[in-house]
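First to last, the sequence lines map onto chains L and A. Just so you know, the first sequence maps onto residues 1 to 327 in my numbering. Just so you know, the second sequence maps onto residues 1 to 513 in my numbering.
You may find that some hints are simply not true.
Unchecked claim - Going by beta-carbon spacing under 8 Å, a handful of chain L positions derived as facing chain A:
| id | residue |
| --- | --- |
| 1 | Leu4 |
| 2 | Glu5 |
| 3 | Val7 |
| 4 | Gln9 |
| 5 | Thr76 |
| 6 | Val208 |
| 7 | His222 |
| 8 | Pro224 |
| 9 | Ile226 |
| 10 | Val229 |
| 11 | Glu249 |
| 12 | Tyr281 |
| 13 | Asn282 |
| 14 | Tyr285 |
| 15 | Asp289 |
Stated by the list, open to error - So the derived label-pair ranges between C-beta atoms look like this:
| id | chain 1 | residue 1 | chain 2 | residue 2 | range |
| --- | --- | --- | --- | --- | --- |
| 16 | L | Glu314 | A | Val134 | 35 to 45 Å |
| 17 | L | Phe183 | A | Ala133 | 37 to 47 Å |
| 18 | A | Leu121 | L | Asp289 | 25 to 35 Å |
| 19 | A | Lys7 | L | Asp289 | 25 to 35 Å |
| 20 | L | Ala201 | A | Lys7 | 52 to 62 Å |
Claimed, not checked - Calculated lysine-lysine pairs in the DSBU-like style (CA-CA distance at most 35 Å, straight line):
| id | chain 1 | residue 1 | chain 2 | residue 2 |
| --- | --- | --- | --- | --- |
| 21 | A | Lys75 | L | Lys326 |
| 22 | A | Lys469 | L | Lys325 |
| 23 | L | Lys8 | A | Lys10 |
| 24 | A | Lys181 | L | Lys221 |
| 25 | A | Lys189 | L | Lys326 |
| 26 | L | Lys322 | A | Lys181 |
| 27 | A | Lys200 | L | Lys326 |
| 28 | L | Lys6 | A | Lys7 |
| 29 | A | Lys189 | L | Lys322 |
| 30 | L | Lys322 | L | Lys182 |
| 31 | L | Lys8 | A | Lys75 |
| 32 | L | Lys221 | A | Lys7 |
No lab work stands behind these hints, which were simulated from the structure alone. All C-beta atoms in this analysis are idealised placements derived from N, C-alpha and C, irrespective of residue type, glycine included.
Here is what each chain is made of, one letter per residue.
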Amino acid sequence: MEDLEKVKQFSRAISDIKNEIRKDVVGQEEIVDSVITAIIAGGNVLLEGVPGVGKTRLVRSFSKTLSLPFSRIQFTPDLMPSDVTGTNVIEKDAEGKMNTVFRRGPIFANLILADEINRTTPKTQSAMLEVMQEHKVTVGDTTYAMEEPFFVLATENPIEQDGTYPLPEAQMDRFMFKLIMKFPSVEELAAIVNMTQITMAETANAVVDGATILEMRELAKHVPIIDEVLNYAMNLVANTHPELESSPEAAKKYIKYGASPRAAQNFITCAKVRALMNGNYNVSYEDIDALAYPILRHRLKINYNAVNDKLTVEDVIGLILKQTKKK
Amino acid sequence: MNDQFTKFKKRITVHAVIESSVIALAAALIVVAAVLLPLSLQEIYLNPGIYVAIGLGAAVLCGGTAALFLFPTEKRVARRLDKDLVMHEKVQTLVAYSSSEDSMAVIQRADTNDRLAAAGLKTVKFKRLWQCAVSSAVAVILFVVAVVMAIIGAPEAPPVLAGINEYMIVGLNNIISVVNKSAMEKTPKEQTVAELEQLKTSIEPYVNSQIEQEVLFGNVINTMLDIDEIVDATINAEPIGLSLRENTGDTLLLELGAHIASLNRETTETGFNSIIGTFKNQKSDSEDEEEAPAMTSARQSELAVAYSLCLDDALNQPEFKQVADCTIAREIIRLGEMFDAIPQKITELSAAGEADKDIVNSIIDYVELTVNGVQKDADEEAAPGIAENISLALASQINNRNVFNDVVSRLQQLFGIPDNIMPDFGEPINDIAPSEEGGDSESGGAGRGDELYGSDSEIYDYDEDDYVKYGSVLEEAMALIRQLYEGESLSAEDLEVLDRFMQILNTGLEDKD
C-alpha cells in the first residue's frame, strides 16, 4: 500500500512539474519530458538549439519547480577548469594568518546549465565532463562531492561552429540524451511573446524537492521489464555496430562506429522512468523506441555512404529500428 | 495466476481447439480427395476402409501438429493479449513476474488485471475465422468432387447370383401335385397349375447354373401375384357381402353381409338363424322371452316386406350385379324372393280360414325350409337350403384362398425368398365348418372330407410327443435335402431317388383311377 501511494505521488509530481514548467516554457513538450526523465534517471542532457529558443529559461524553470539551486556557466575559449570547479585561494584570516581556502566554483549546484560547452577548450571540457560523470570534484588533495540530485544540461550552438571545440565522441557518450530544441511554431512564438511582455521572470512554483526526486529515482528502479523488451534494447544497441555479424544491413552500410554499453544502460534506466511517467507499471517496446533517438543520435558516427545517400544520423537510427525485430 | 488472465487463456484455448479440429478435418478431406480422385480416374478402386484410415492418419498428423503450434502457453496467450488489446507488454510482464513479491510487480499485476477486466473477454476474437471457413469449404468441395467422380466411375456391383438346381424343379413338381390334389375349384386350379408350369419352364434351362437372384425372385413373386389374381377372381363373397353390409338398412342383413364378406361359414349360419328367429319371436323390452308378445302373421308380413325392401337396395348395387351369376348371389336373390312371397302366402292362408297361430307356424316352416333346406323324404338327401348353398360356395372360395397361401409358402421356402421382399397376401383363413345334421366333419384341411392335399393333415411326432402337420414335416425334410445337395453331399442319382420318394409321400393318396 505504501508503495502504491508512492507510485501515485510519482504520477502527481510529474503532472505538477509539467504544469509548472508550462507556465514558463511554451511548447517543447518532448524536450520537457526528456529533461524530466533524465533528471529522475540521474543522467545529463546535451541540448542543441539556436540561440533564444529558451534553453536557459528551461533550466531556470526546472530549478524553481524542483527547488534546486541553479548555476549557469557560459563556456568561452578562455575559460579555465578552475573557473568551473573552483580553486584554492590564500586568505588572511581575522588573526592575520594566511590560510588556504577552497572557493567553490559554479559547478557546485544541483542544476547546471553549461552553455555552449563546445566553445571551451578540451581541458575545460574534460573537467566539466568529469564532474558530470563522477559527481565530485577533486582539488588538490580534497574531493568534494556534488549534492544529489546533480544534473547538467549542456548546450551546443549548431550555427557558430568556427573556433569551436566539438566534443569528442567518448565525451559525448557521457550524456544520457542529446535533444534537439527546434525553433517554435508561429503560434508558439505568439504565445512566448505574449507571455514575456508581462514579465520575463520565471513564474513557476516549487512543487517538489531534491529528496522527492531521489525517491522517484529509487522507485523507478523497481519497474519490471520482461526479457523480450530487455533483449530488444540490447539488440538495438548491438545493431549499431557494423563489425558484428548479426548487425543489420543499414548498420553495415552507413555506420562507422556504434553506441557504447552506456547506451544500453541508459535505455533501461530511462525506459523505466518513462513508463512510470506515463502511468504504466512495466517497460514496453514503445518506451524503448521512444528513447532510441535521444540516446543514440550523439553516440553513432555515420560514414560517407550515409552522407552520399543523403542520410542523417536520424535516418540511420530509423533504419536500425525497422531492422531490429521485436519478439 | 491472475483470474482475468485465466479466463482469457481458457477462451483462447477453446479457439485453438476449434482451429486444430478444423485443420484436422480439412486435412483429412483434402488428403482423401487427393488419393481418391487420381485413383478413380485410373479406375482403381480401393476398400473404403483404406480411405478412412488415410483420412484418420492425416487428421491426426495435421491436427496434432496444428495443436502443438497453436496450443496456447501462458507466454503465447500473454503475447496475443498484448497485441490484440494493445496492452504494451503488460500481460507478458504479468506472466513473467507472476511469482514476484516486489511491490512494483504486485502493483503491475493488479493494474493489468483491472485493464483486462475492463477490456472484456469478447474483445478476443476468433483469429483466422475466415481462413478456417475457406479452408473447410475448399476441403469439402474437393472431397465431394472426388467422391462424385469415384461414384460415377465406379463399376456397378456385380449382381447377386442364385444357383438353380434340380431340386427346385422337383419342388415345383411337388407343389403342382399338391395343387392338383387340393380342394381348389377346377378353373382356378387349372390356371394355378399353368402358372406353376410356366415358372418351371422359365427356370429349367438354368438348372445346374446360375441366374441373377433378383430375376429369379422376381419371376417367383410374379407367379405368386398372378395366382393371387386368379384366386381373387373366384372370391365373389367379398363384393356380395360388402354390398349387403353397406347398402341395407337392416342390422341383421348388414351383419350377414359382413359374415359373408369375411368368408366365415360359422357366423354366416348364425346370421341366417338370427333372421329366421325374427319370424319366430317378437322382441321384448324384458330379457325374459316369455314376456315377449306372441308372433302374429301381420308382424311376419311386415318383417318380410321390410327385409325385402332392404335387400332390394343391395341387389341393385353395381358390385352385386357384376357377380349376379354366382351361387352366393343367386341364393341371396332367392332369399329376397322368399321375403317377397311371405305376404302373399299369409294372404292365401288367411283367405283359406286358417287361424293366425297356424299361419304363423306355416310361415316359420316356410322360412326354415327355404333357408335351411328340406328333406323331402326320409330316404332321400335333404335338398340344400340357401344357407347351405352359400356355405358350400364359401367353402370353395376358402379352399381356393388357403391353397393359394400354401402354394405361396412352399414357393417362398423352395426358393429362399426373404420375408422383407415378399408381398403381403394375408393369413390363411381358419375355416370352421358350420354344424349340420348328417354332414361330414373333417379334421384339418378345407376339403369336403375325403380329399386331402396333405399339408394340414396331422401325424403323431414321437419326439415332440404331439401331433404335427404332415406338410411341415415334409418341408423340413425337403429343406435338409436341399442343403445336402447344395453342399455337394448328395449326387444327382441320390437326388433322383429322394425326389421319387418325396413324390410318393406327397401323392400317395392319389386315386388309382
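Tested hints:
1. Given the 8 Å rule on beta carbons, the hint for Leu4(L) holds: about 6 Å separates it from the nearest Cβ of chain A.
2. Hint on Glu5(L) is violated. Least Cβ distance to chain A is approximately 10 Å, over the 8 Å limit.
3. The beta carbon of Val7(L) comes within 6 Å of a beta carbon in chain A, closer than 8 Å, and the hint placing it at the interface holds.
4. Interface restraint check: Gln9(L) against chain A, minimum CB-CB distance 13 Å, threshold 8 Å, status violated.
5. A least Cβ separation of about 46 Å between Thr76(L) and chain A goes past the 8 Å threshold, and the interface hint is therefore violated.
6. Violation of the interface hint for Val208(L) is found here, the shortest Cβ-Cβ separation to chain A being roughly 20 Å, above the 8 Å cut-off.
7. A hinted interface residue such as His222(L) counts as satisfied when its beta carbon comes closer than 8 Å to some beta carbon of chain A; here the least separation is about 4 Å, so the hint holds.
8. A distance limit of 8 Å between C-beta atoms decides the matter here; for Pro224(L) the minimum to chain A is near 5 Å, and the interface restraint holds.
9. For Ile226(L), the interface hint holds, since its Cβ comes within 8 Å of a Cβ in chain A; the closest pair sits about 5 Å apart.
10. Hint on Val229(L) holds. Least Cβ distance to chain A is approximately 6 Å, under the 8 Å limit.
11. Using the Cβ-Cβ criterion of 8 Å, the hint placing Glu249(L) at the interface with chain A is not satisfied: the shortest such distance is roughly 27 Å.
12. Contact between Tyr281(L) and chain A, as hinted, is supported at the beta carbon level, the nearest pair being about 4 Å apart and thus within 8 Å.
13. Nearest Cβ of chain A to the Cβ of Asn282(L): about 4 Å, under the 8 Å cut. The hint holds.
14. Interface restraint check for Tyr285(L): the shortest CB-CB distance to chain A comes to about 6 Å, inside 8 Å, so the restraint holds.
15. Residue-level restraint check for Asp289(L) is violated (minimum Cβ-Cβ distance to chain A is 11 Å; threshold 8 Å).
16. In this structure the hint that Glu314(L) and Val134(A) lie 35 to 45 Å apart at CB holds, the actual value being about 44 Å.
17. Between Phe183(L) and Ala133(A) the beta carbons are some 56 Å apart, a value that contradicts the proposed interval 37 to 47 Å.
18. Judged by the Cβ atoms, the range 25 to 35 Å given for Leu121(A) and Asp289(L) holds: they are separated by roughly 30 Å.
19. At about 31 Å, the CB distance of Lys7(A) to Asp289(L) agrees with the hint of 25 to 35 Å.
20. About 57 Å separates the C-beta atoms of Ala201(L) and Lys7(A), a value consistent with the hinted range of 52 to 62 Å.
21. This hinted pair checks out: Lys75(A) and Lys326(L) have alpha carbons roughly 15 Å apart, not beyond 35 Å.
22. Taking the CA atoms of Lys469(A) and Lys325(L), the gap is near 96 Å; set against the 35 Å cutoff, the hint is violated.
23. A distance of roughly 33 Å separates the Cα atoms of Lys8(L) and Lys10(A); the hinted pair therefore holds under the 35 Å criterion.
24. Between the alpha carbons of Lys181(A) and Lys221(L) the distance comes to roughly 118 Å, so the proposed pair goes past 35 Å and is violated.
25. Annotation: proposed proximity of Lys189(A) to Lys326(L) is violated, straight-line Cα distance about 100 Å (limit 35 Å).
26. A distance of roughly 108 Å separates the Cα atoms of Lys322(L) and Lys181(A); the hinted pair therefore is violated under the 35 Å criterion.
27. Distance hint between Lys200(A) and Lys326(L) is unfulfilled; the C-alpha atoms sit about 90 Å from each other, more than 35 Å.
28. As the CA atoms of Lys6(L) and Lys7(A) are separated by approximately 31 Å, the hinted pair is consistent with the 35 Å bound.
29. Pair hint Lys189(A) plus Lys322(L) does not hold up; C-alpha atoms about 104 Å apart against a cutoff of 35 Å.
30. Between Lys322(L) and Lys182(L) the alpha-carbon distance is near 25 Å, which keeps this suggested pair within the 35 Å criterion.
31. Our distance criterion of 35 Å between C-alpha atoms is met by Lys8(L) and Lys75(A), whose separation comes to about 29 Å.
32. Proposed proximity of Lys221(L) and Lys7(A) is supported: the alpha carbons are some 31 Å apart, at most 35 Å.
Checked against the numbered hints above, the structure violates hints 2, 4, 5, 6, 11, 15, 17, 22, 24, 25, 26, 27, 29; every other hint is satisfied.
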